[in-house]
Every structure is written in C-alpha cells, then in structure tokens.
Amino acid sequence: MMDPFVTFCLRMGDNALILAQRTGEWCGHAPALEEDIAFANMGLDLIGQTQLWLKLGGEAEGKGRSADDLAFLRTERQFTNCQLVEQPNVDFAHALMRQYLFDAWHLPMLDGLTQSSDERVRAVSAKVIKEVRYHIDRSRDLVIGLGDGTDESRARMQGALDELWPFTADLLASDEIDDDLTARGVIPDPAPVIEAFNAETAATFAAATLTVPHTGLTRTGGRNGIHTEHMGFILAEMQYLQRTYPGVSW
Amino acid sequence: MYAQLVETEKAGGTPEEQAFQKRIDDGIKIEPKDWMPEGYRKTLVRQIGQHAHSEVVGQLPEGNWITRAPTLERKAILLAKVQDEAGHGLYLYCAAETLGVSRDEMTEQLLAGKSKYSSIFNYPTLSWADIGAIGWLVDGAAIMNQVQLQRCSYGPYSRAMIRICKEESFHQRQGFDILRVLCQGSDEQKEMAQDAMNRWWWPSLMMFGPSDKDSVHTAQSMRWGIKQATNDDLRQKFVDQTVPQADWLGLKVPDPELKWNEDKGGYDFGEPDWNEFFNVVKGNGPCNKERLEARRKAWDDGAWFRDGLMAHAEKKRAAKVAAE
Ligand SMILES: [Fe+2]
Ligand SMILES: [Fe+2]
Ligand SMILES: [Fe+2]
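Sequence order for the protein chains is R and D. The first sequence begins at 1 in the numbering used here and counts up by one. The second sequence begins at 1 in the numbering used here and counts up by one.
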C-alpha cells in the first residue's frame, strides 16, 4: 500500500489540478464575459489548492519533490484524480455540470477535513473551503437556472448530467487507504460525505427539473491511476514545456 | 493605438459647443448626462468600444498558453492576468454604455467585423516566451497609452483607465519576469526569448498607431481632451523606456537603425512597416480570422446559455408577481 497520507494529498491536489486544466480551456471562449471571469477565477483558486495539497504531499513523502515536480513530472498512471474532472468540455453545460458535481462532493469533504486530526490538513482545508463555498453557490445557481430555463438549456443540462453522473461513483469511492486515514481521524468518515452529496444534489436537481439517470452505470478507477483516454492528452499538453526542456527554471 | 481608426469631426461654433469646449479647456470632466457634440460622443463610443473589444480578444492569444504554462505559479499568474483583461473589458463596456450603446450592440459590431480591436492581438503566441513578451511589450505599450487616458475629458472613461492602469503595470512586471528567467536560463530559453522579441517588437511599436503626420484625428481628439499625447510622442517614450530594459535582459532590439541620440535625449529608431500594419488592420493579419471566429463561436455557442438564464429569471419574476 502506498503511504496513505501522501496518497490522500495527491488525490486532493490532482483533482484540483486536472479540473483547473479543464476550466482554463474556457478562457476567452465562455458564453458571456462574466463566465470568462468566473472560470478564470475558479481556475486560479484550483491552482492555489493544487499548490497547497501537492506541497503537503511532497513534504510528507520526504523525497524532495516539489508541487511542480509532482504536477509536471508524473505520468498518467501516477495521477490519482477522479475521472470526473478529466471529462472534456463538450459544451458549457458539461463544464458547469462537472463543476457542480465536483463541488457537491468537495464541500462536505472539506467540511469534514476542517475537523481533521492532522493540523496541516485542517489549515489547508480551512483556507480552501471558503473558496469552495463560493464555487458551489455559483455552480448550483447556474445548474438550477439552466435546468429550469428554456427547453434547450434543460436538454443540454440533462444531457450533461446523464453523461457525467456515472463518474460520481469515482468521486464517492473509498478504499483501504481511506479506511486507514478515517480510522486515524485524518479524513472524515465517507458516509456523512455521501449523505451530504446526495442531499445537495437531490435538492438542486429537483429545483432544476433535472433527473438523475437510473441506469446504475458507474465509472471508477481514477483514484488508483486508471483514467479515461482523455487524461493522457491533458498531461501531454500540461507537461510539454517541462518535458521538452528538463531541469531548467521558468 | 486602440483608437487607431477613430475618425474625426470638425469642431463647430454654436454657443453650446463653445461652452463645451470651455469646460474641457478648464479641465472639468464631461459626465454622461452633460450635453456633448455628437462627434465627441461617437468618437468616444468607437474608441472605448475598440478598447473593450481589445481586452476581450486579448484573452485569446494568452489564454492559448494557460494549459501549457510551465509551472503552477506561472499558470496562476497567467490565469489572473487573463481574468484581469476580461474584467477590463467589462469596465470598459460599462463606460461605453453610459454613452447610450449596449454591450450586446457593441459585441454584434465586433462580430460583424464593423468594430475593430487592437491589431496586436492578430499575431500568434508561438512559444512560452511570447507570454513574457506580451506582458512586457504589449501591456507596456498599452500602459504608455492609457496613462495619458487617465486624464481623458470623459469622466467614466478616465475613471475606468485609472483602475485598469494599476493592473496593467502588474502585467508588465510579470511579463518582464518571465523573460528575465528565460534570459538567465539555458541557450534554448535565451533563443526562445530573443525570437519572441524579434516577432513582438515591431507590432508593439505599431500599437501607438500611424505617425501623427498621417493621423487625421489626432488634432480633434486632442482638442476634445480625449487624447493627451500624440502617437509619435508616445512611441518615442515607449522606445526610450524599453530599450534599456532590453539591454538589461540581454535581448537585442531588432532594429538596425536604433541609436542613442544625445541631442534629443532619446533613441532614434526605424520606421515600422506601415504596410504590414494597414494590412493587419484590414483583416489580413496572421490570426484575424481565428480571433474573430473564436469570438463568434463563443457568442453563438453561448446563446442557449444566455437565453436559458433569461428565461429562468423571467419565470422567477412571473412567479413573484403571481404570489403578490
Ligand atoms: Fe487590460
Ligand atoms: Fe488595455
Ligand atoms: Fe494587461
């Protein structure tokens, strides 16, 4: 088993980093200037979160790897983000739904982490949770507004939900690494986090007149480095300069 | 620069116009509700609109490198910069709206190719060093122009400029810092920086617009206090400020005619290729087509989003009325 604490930090950091990559793709291409600004701002928050978690992970690992080393010099199988965040920007509905589903897990998770037995985790999550409260207020409002908007906006949001919902299984998954950390009080018990996620999404989708698909399909594996085919391209793009010119400063 | 194609109207002599001119000469700001000559209003709408579009289109060449920024810190700085530019677009559209044109109208003019944006954004960003060069040179040239616009006679534009200038100077420093690291780095990094310098130098000088002797509108814009300095003066100041910085970085300015002139206390420098400039303004630049297409696509693909939110707001309003 990999070091549980390091793995946890990487999972948190990788989620933020890969979502930031997807978010950053919208700059200059969003449907309104306000959304350009909001997406850049969210990307900025997520990169800040990446720096905090990967730094902590690198320090805990003790091999001298910086946040940048971890971001730019690991391979696909070593990334532990959930598959949800790597899903492509098919349209703005997908981008918003992906953000909302992530936020709906992220907020209760961070809420639990602010009670962590580990002081470093408490410090990081206390800072991050303020940003994430703002993210979910925004993403929830937009999911409701567009779900309960025009026929087209509802159809697009429903389409995004149908496609992305199976990936929430990855978001809510837990394994023996989590069990170990939960037992030590480092991370919250998964049950209340899942409960909060379910309550949040149920209320929002009801207001948005959207329905959670009942196909029972689930997609998991990201947390253990098994990704969808999109992931390799995200890394190829993100890591290109560091890979092409190794060992220099930027 | 952003005002490169603004036309002019001759100042007339009615009592209203004379009183208007006196206010300007006395340094009193013109506010949205004040009487103003139609030419003044039109000039400002065009200039502020072009400036706003420049900020918005300006997101594209830099946004092009967000996913490829070489470190987390650089990525964060670039995201923050692009966010600022979009914010500048927003303030400027608001300033233009005080003159009676809506943001949607201005956007439609941009997308129809009827309203211009700064030609500099029709050049491609081909390497990471280009992000440094844009911050240092392009934001640098923008600041040179905008510092004088802080004193523009039209209140809302002047106030928008004061806000914007503060952020632009951060952008310039950050761009310079990207190049500083590259210039102190490996041979490949130095080469990347020099190549960016070679490609961005002349387009940056062109940002100030054609020479004043060829610029029909400068005189009227200056009389109206819309403009406080001539294109040539601003270009000279920019060269004088930038060349020592290039020397410090160890970058060669790609101008064989560049030479310190002791008598004038400034640099002599070569003439930008104005054929290239007018060609790019006309739509023949390397990225004109891509930039406009990207903005059109964002607008068209986003229609369902804007309509959806409007429909939702309408439903909420109707429900509220029904409940009352
Ligand atoms: Fe700007
Ligand atoms: Fe500007
Ligand atoms: Fe700027």
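Quick caveat, the hints were computed from the structure, so don't treat them as lab data. It is possible that part of the hints are untrue.
[To be verified] Okay, derived cross-link-like pairs now, DSSO-like style, lysine-lysine, Cα gap no bigger than 30 Å in a straight line:
#1 D:33 / R:127
#2 D:282 / D:42
#3 R:127 / R:63
#4 D:320 / D:297
#5 D:166 / R:130
#6 D:237 / D:190
#7 D:33 / D:114
#8 D:316 / R:130
#9 D:29 / D:237
[Claimed, not checked] Counterexamples of contact, computed for chain R against chain D with all Cβ distances above 12 Å:
#10 45
#11 59
#12 179
#13 219
#14 228
Virtual Cβ for every residue (Gly too), placed ideally from N, Cα, C.
Hints, verified against the model:
1. D:33 / R:127: Given that 30 Å is the threshold and the Cα spacing comes to 45 Å, the pair is violated.
2. D:282 / D:42: holds (21 Å)
3. R:127 / R:63: holds (26 Å)
4. D:320 / D:297: violated (35 Å)
5. D:166 / R:130: holds (27 Å)
6. D:237 / D:190: Given that 30 Å is the threshold and the Cα spacing comes to 26 Å, the pair holds.
7. D:33 / D:114: holds (27 Å)
8. D:316 / R:130: holds (28 Å)
9. D:29 / D:237: At roughly 26 Å apart (the allowed maximum being 30 Å), residue 237 of chain D and residue 29 of chain D satisfy the hint.
10. 45: The assertion about residue 45 of chain R is violated, with a minimum of 9 Å to chain D.
11. 59: holds (15 Å)
12. 179: Given a closest Cβ separation of 31 Å, the condition holds.
13. 219: holds (23 Å)
14. 228: Non-interface label stands for residue 228 of chain R: nearest chain D Cβ at 17 Å, farther than 12 Å.
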